[in-house]
Amino acid sequence: MDGNKKRILLIEDNKDARELYEELLLKDYDVETANDGEDGLGKIRASNNYDLLILDIMMPKLDGVSLLRIKNKDSQIAKIPVVVLSNLGQEEVLKTCFNQGVKYYILKAETNPDQFLSVIKQALAG
Amino acid sequence: MINILLGTTTWISILGSLLLGLTIYNRNRKNKVNIVFTLLSLVVVFWGATLFFFQYPILFPSIIWLKTCYFLVLFLIGFLLLFSLVFPKETDKKHLFLKIFFLIPAFIFAYTIIFTNLFVADVVSETWGYKQILGSAYPIFGIWASIITGMAVFNLWKSYRDSKGIEKVQLKYISLGMFLFCSICLMLDVVFPVLLKNSKYIWASPAATIFLVGSMAYSIVKHRLMDIRIAFQGIIVFIITSLLAGVTIYIVTVIYWLIAGTPLKPGIFPIAIVVGFILSALFKKITHFAEYMVSKYFSGSIYDCQQIIKELNREFSSTIDLEKLAGVIVETLSITLKLNRVAVLIWNPVEDRYQIKKTIGFNEKNGISTVHHEFLTSYLEHHPQIIILEEVLHLVDEAKEGEEKKALREIHERMQHIQASLIIPVVNIGKLMGLVILGDKKSGDPYTVQDVNMFNAIANQASISFENAILYDQLSQINQNLLKRVDEKTMELQIKNKDLKQANEQLKQLDKMKDQLVAVTSHELKTPLSNAQNYLWMVLNKRLPGTSLDGKDKLRLERSLDNLQRLVKLIDDILNVSKIEGEKLDIIPEVIDFQKIIEETIFEMKIKAEEKGLKLVFEKLSKSIKLYADPLRLKEILVNLLSNAIKYTDKGSVKIFLKLEDKEIILSVEDTGRGIAEENLKNLFRKFYREDTALTASGSETGGTGLGLYITKSIIEKMGGKIWVKSVHGKGSTFSFSLPTIIPKKASSKTGILQRTAKGVYHIGEV
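From first to last, the protein sequence lines stand for chains A and B. So the first sequence is numbered by our numbering: it starts at 1 and just counts up by one. So the second sequence is numbered by our numbering: it starts at 1001 and just counts up by one.
Some clues are possibly wrong.
Listed below are the simulated SDA-like cross-link pairs for lysine to any residue, each with C-alpha atoms no more than 25 angstroms apart in a straight line [to be verified]: (1) B/Lys1579 x A/Ser75; (2) A/Lys95 x B/Lys1726; (3) A/Lys27 x B/Met1538; (4) B/Lys1608 x B/Glu1492; (5) B/Lys1687 x A/Glu91.
Derived list of chain A stretches under chain B, where covered just means 3 residues or more per stretch with a C-beta under 8 angstroms from a C-beta of chain B [as the list claims (entries may be wrong)]: (6) 28-38; (7) 62-75; (8) 88-96.
Derived by calculation from the structure, the hints in this document are not laboratory data. Think of the CB as a built atom: it goes at the ideal place given N, C-alpha and C, for glycine as much as any other residue.
Let's have the full structure, built from the sequences with the hints guiding it.
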């Protein structure tokens, strides 16, 4: 494990998407993945040193928005920055996420891998 | 001493008869009964006087007085008979035999009395006074007189037998009085002189009229004889007063006699009584005392008139409720006057009739409800005066018009039927507000002048109260109706509202479900699409190690990616349309540089235009143009219009130019394409509309969703602008839209909440 690399947890239930974004990120970051919200929350709590969370919204067991709420109430993990990666474009969902401290909200179908990576880079930078 | 007593009694009877006769005549000068009674009374008066003067002669010798007296007796007997025939009601019978039986002997006797000594032989002076020597014809006269008076009494008794109710009671007393009078007279004037040869007390027979006058007076006061009770009460008062005064004077005279020793002449009695009359007329205080006595012993009730008026007035001014008002009147009058029946009727303006508001004693058995009918009210409306049952018949006699007579007779009949004795109309400014109907006093006493005066005062006070109460009643009825209707309508509304709320709730639920369905569906569709897109993109951009593509494969993959992007666009368009339909299209405006946005879009679209060999021209204005609009929505519009222009133009150019107006900016996209048929122009902005023929004809183009222009139009309108198109088929089209240039004062260049840095990426705060 490269000590200089930023640690990212990718929480995504869709296997194809998870592997696609993992592959894209692996080149520059230290990436771990979770299959659903519950899994993701467990992993965040277990390690507690992620630099960034990439979070899907529509997931089984625990959805992204609920995960955000739990995370924000837990002072130990509340400060980890989050980028949402979803195909849900409703303003309502967006507002909720930003209210829960999300930095960027990426629509999967409307961004190409280059755009995605640049957003991640920005998110980690600031 | 007996002479003094008899003399006094005689004079009281004489004066009583005189007043009684005059009063009765004065009550109704046309009524035959009244006239006959008055004549009878006058004859009694003269007869009594002549007899007195026979015993105590002045001006003429005793014998002249006696002859005059007997002459008058003929009249007395005559009128007595006549009275018995006409009282209480005149019948159609002619009584011819009776008249002949009376008139022929009467003429003979008159002649005998005046011109012969057969009747009165002579008058001699005895120690005890003057004595008449009876003539030979006297017994015949006595028998004849007995028969006639007997017939008169019999007639009255017959009337008594056939009469009913009050009339029967009246007749009882009057017959009794008549019987006593006649019996005593016969005794003194016929039996004593003829059979016992004692004519000493003939002169005293007028004293017997005291029975006639007394019984008449009693039946008048107690049982309303001849409708004169009200006036008669005054007479009794006057007589009592006079007696008091007369007796006082007499006592004074006797005392003077005892002291001075001068013998008292019997002539002092009439003088004392006459002086008493004069004195009593002067001393009102005595009158008042007498009035009190009369009220107490004759009417059996005494009440403070002022107190009642005051009490009622207080109640009137403190209540505005019709029922209560009626209740107060009924209660007060029935208690204070001790009445057996009282009813209050008040005008109901809604139904335009008089309604019984409160009643005591009156009942349906007597048909009290018939007072609703117009018989009372229509008359009272024109004659707003208190009606007293007994007086109605006088009014009938006085009435000139046949109609009025008829109406009054009907009133009399109806009043008797419902057992009403007195009716008080309550009138306010000429309008009959109500009626107070009274029955009899429990004591059987008649209504007095005092009563009537009080009723008038009460009616005056009640009129305004009635009017107010009626208005108030009307108002509260209207109010109640209104309240009821408001309640009903409110209820209806509440039910409807509830239904609406439920329906609304259901609709909202459905709407939410629909939104969710659309959102989830588009999400579920996009997830595999986005994966495929990104994988393809990675292949095309050589992200995957160990992949190499030949030219044809690259084109195939590019087309795949292009189609996937179209699919995503289609899903987004459908989502947008769903938002537009649900009026949920989100526009997040901010202050933007319009020309900068145009340039950015042109930069994105340039490659596509150049691929088709088209020129993309933007005629920029020198002045910077600031707009308050959603930058990404604006880009969406521009992309839509430009891609359409490029799509449908094969050669030439696509030009963008701006025109700055007063309060808006107009942007036009002009192409040199195939144009749009005129008949299709109006359908252009409709949902799912496509100019199919043109599309299929070209073949090379992949069709759009048919939603682009619809969404564009909706977005522009949502931002306060308009869109229109001009086209010449085969030569090109110009799409133009306007947007307002007004920037709200509070608008900032950064919303600070939600921003889009690029298509598909959102972030918060600064860019």
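Quick rundown of the hints versus the structure:
1. Of the supplied pair hints, the one linking B/Lys1579 and A/Ser75 is violated, its CA atoms being roughly 38 angstroms apart against a limit of 25 angstroms.
2. Straight-line distance between C-alpha atoms of A/Lys95 and B/Lys1726 comes to about 41 angstroms, which puts the hinted pair past the 25 angstroms bound.
3. For the given pair, A/Lys27 sits about 14 angstroms from B/Met1538 by alpha-carbon distance, which is consistent with the 25 angstroms threshold.
4. The hinted pair formed by B/Lys1608 and B/Glu1492 fails the criterion: a straight-line CA distance of about 64 angstroms is larger than 25 angstroms.
5. Of the pairs offered as hints, the one joining B/Lys1687 and A/Glu91 holds, with about 24 angstroms between alpha carbons and a cut-off of 25 angstroms not exceeded.
6. Given as covered by chain B, the segment 28-38 of chain A fails the check, having 0 residues with a CB less than 8 angstroms from a CB of that chain where 3 are the minimum.
7. Under a criterion of three residues with beta carbons nearer than 8 angstroms to beta carbons of chain B, the stated coverage of the segment 62-75 of chain A fails, only 0 such residues being counted.
8. Counting residues of the segment 88-96 of chain A whose beta-carbon sits less than 8 angstroms from any beta-carbon of chain B gives 6, enough to reach three: the coverage restraint holds.
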